[in-house]
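Protein chains: 2
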Amino acid sequence: MKKVSLYEESGFNDLHMKRFLVHDSPYFKVLNFNFKAGQELPIHSHDIEGQLSIAVLEGEGEFLGKDNAAIPAGPGDVLISDISEPHGVRAKSDMRVLVTINVRVEP
Amino acid sequence: MKKVSLYEESGFNDLHMKRFLVHDSPYFKVLNFNFKAGQELPIHSHDIEGQLSIAVLEGEGEFLGKDNAAIPAGPGDVLISDISEPHGVRAKSDMRVLVTINVRVEP
Chain C
623 MKKVSLYEES GFNDLHMKRF LVHDSPYFKV LNFNFKAGQE LPIHSHDIEG
673 QLSIAVLEGE GEFLGKDNAA IPAGPGDVLI SDISEPHGVR AKSDMRVLVT
723 INVRVEP
Chain E
623 MKKVSLYEES GFNDLHMKRF LVHDSPYFKV LNFNFKAGQE LPIHSHDIEG
673 QLSIAVLEGE GEFLGKDNAA IPAGPGDVLI SDISEPHGVR AKSDMRVLVT
723 INVRVEP
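Protein chains in written order, with the working numbering: chain C, 623 to 729; chain E, 623 to 729.
Source of the hints: derived by calculation from the structure; they are not laboratory data. Each hint should be verified, as a subset may be incorrect.
Where chains are identical, the list cannot tell them apart; a pair therefore holds if satisfied intra-copy or between any two copies.
[As the list claims (entries may be wrong)] No farther apart than 27 Å at their CA atoms in a straight line, the calculated lysine-lysine pairs in the DSSO-like style are these:
{"no.": "1", "residue 1": "LYS714", "residue 2": "LYS658"}
{"no.": "2", "residue 1": "LYS640", "residue 2": "LYS624"}
{"no.": "3", "residue 1": "LYS658", "residue 2": "LYS688"}
{"no.": "4", "residue 1": "LYS658", "residue 2": "LYS625"}
{"no.": "5", "residue 1": "LYS640", "residue 2": "LYS658"}
{"no.": "6", "residue 1": "LYS651", "residue 2": "LYS688"}
{"no.": "7", "residue 1": "LYS625", "residue 2": "LYS640"}
{"no.": "8", "residue 1": "LYS624", "residue 2": "LYS651"}
{"no.": "9", "residue 1": "LYS640", "residue 2": "LYS688"}
{"no.": "10", "residue 1": "LYS651", "residue 2": "LYS625"}
{"no.": "11", "residue 1": "LYS688", "residue 2": "LYS624"}
{"no.": "12", "residue 1": "LYS714", "residue 2": "LYS688"}
{"no.": "13", "residue 1": "LYS714", "residue 2": "LYS640"}
Isolated chain C (complex conformation):
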C-alpha cells in the first residue's frame, strides 16, 4: 500500500505537458499529466489490446477523439477509451488529469 500526493509531487512545465509516473505493475499503470493552459497530449493511438481511463482532477479542457472530436472535459469527467482508439487531451486552463492504463497480462 502506498499513497502518492499528486499536488505535492508533481507540478507544471512551461514548455510542455508534465508527465509523472504514479504506479507501474503487471496489473496497471497510473500516470498524472499536468497541462498549462494551451498545452496538449496530441491525439494518438497504440496498437495494443487494452483500455485506458482519463479522469480530470482539476481545470478545464477537451478530450480529443477521432475525426477531430473535442469533448468538453472538466473536474469529475472521466473518459474511457480503447488504447487502439485515437485519444488525446487539450487544456483550456491549467489542468491535472489522472490516466490509468490497463492491458491484458498472462496469469
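Using the hints, position chain E against chain C.
Frame of chain C; chain E shown alone:
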C-alpha cells in the same frame, strides 16, 4: 470511447456511501464512491490477485489500512493497494473518490 461526468451523474446519499459504476470490462472496473462527512467504506480485503487505486477528486478524509492505519487523504491523493490488502476510506468532509480495480485476466 465514452465520457462519464461524475459530478452530474452521481450524488450523495444521507444514509450511506453512494456507489456508482462508471465502467466494467475485461480490462478494468471503474467506480465512483461519494461520501457524506462521517461516512466510510469500512476496511476490508478480498482474496483476489490484483491491485486497485483510490484517487480523491474532492473533499478530505482518510485512507484506511491494516493495524488501524489512517492516512490523511485530500484532493489529488492516490492510494495504490493490493486487493488482498486491507483498505478503506473514511470521509471527514463530503468526499468524492474514483476507484479503479485491476485483476489479471486471461488473454
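To see whether the hints hold, each was checked on the structure:
no. : hint            : result
1   : LYS714 / LYS658 : within (8 Å within a copy, 31 Å between copies)
2   : LYS640 / LYS624 : both (22 Å within a copy, 25 Å between copies)
3   : LYS658 / LYS688 : within (23 Å within a copy, 38 Å between copies)
4   : LYS658 / LYS625 : both (25 Å within a copy, 22 Å between copies)
5   : LYS640 / LYS658 : within (9 Å within a copy, 33 Å between copies)
6   : LYS651 / LYS688 : both (24 Å within a copy, 24 Å between copies)
7   : LYS625 / LYS640 : both (20 Å within a copy, 23 Å between copies)
8   : LYS624 / LYS651 : both (14 Å within a copy, 20 Å between copies)
9   : LYS640 / LYS688 : within (24 Å within a copy, 34 Å between copies)
10  : LYS651 / LYS625 : both (15 Å within a copy, 20 Å between copies)
11  : LYS688 / LYS624 : between (36 Å within a copy, 12 Å between copies)
12  : LYS714 / LYS688 : within (19 Å within a copy, 41 Å between copies)
13  : LYS714 / LYS640 : within (15 Å within a copy, 31 Å between copies)
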